[in-house]
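Engineer: Modelling step: build the complete structure from the supplied sequences, incorporating the hints.
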Amino acid sequence: MTRRGIIIAGIAAAALPGCIQVKAPDKPIEINLNVKVQQEVVVRLQRDAQDLIQKNPELFPQ
Amino acid sequence: MTRNLLMIAAGTAIALAAGLVMTAPARAQSGVVASAMSAGTVGEQADGYLGIAGSVGGDVRAQVEAINIRRRAAYTDLAGKRGVTVQDAAAATGCQTLSSRVKEGQVYRIGAGAWQTKGAGPIALPAYCADAG
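So the protein lines, in turn, are chains A and B. Every number in this note's numbering is 1167 more than the matching position in the first sequence, counting from 1. Every number in this note's numbering is 3 more than the matching position in the second sequence, counting from 1.
Hints may be right or wrong, so weigh each one.
In silico PhoX-like pairs for lysine-lysine, Cα to Cα no more than 25 Å straight-line [as the list claims (entries may be wrong)]:
no.: 1; chain 1: A; residue 1: Lys1190; chain 2: B; residue 2: Lys121
no.: 2; chain 1: B; residue 1: Lys106; chain 2: B; residue 2: Lys121
no.: 3; chain 1: B; residue 1: Lys106; chain 2: A; residue 2: Lys1222
Simulated from the structure, these hints should not be mistaken for laboratory data.
Structural biologist: In structure tokens, the structure reads:
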């Protein structure tokens, strides 16, 4: 049993240099979507603003 | 019967006259703001409100304040609907007024900057107005 264990350990050790090691990062991966969301809010608001002006002409004299 | 009709007619005439008296000053006041805008003494600001750019009478000043109060109510309403700040709703409207309502020769102001007169070309809008128009 221990002999077998040693053999396996040996094979594992021999295989190590050829391994690609993938290590999970310590910190969670952050994908920043704030810019896109902010842009969408602005575009939507612009349309709302157009409506607001059209519906309240007395508030927007020219 | 004829007497009743006469009374109704008289009542209608009085109501009409009252209506004219009520609406005439309001119409005149919105006119004075438009005139002041043409004169360059009142202008649109990027913050979504009207501003006083020059020497104006008390009637113009009062009317500008009244319009701004009502604008603020409209911005507050929009902000509540969209979950943004009143300031954001006002600024988005400011982008629209500057990009499509201020006419050549009228004045406008961006932020705390000086009043500028609109030329033949479009107004250089603040960066946050990116998609206005």
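Engineer: Against each hint, give a clear statement of whether it holds in the structure.
Structural biologist: Verification of the hints:
1. A:Lys1190 / B:Lys121: Judged against 25 Å, a Cα distance of about 60 Å means the pair is violated.
2. B:Lys106 / B:Lys121: holds, 7 Å
3. B:Lys106 / A:Lys1222: holds, 20 Å
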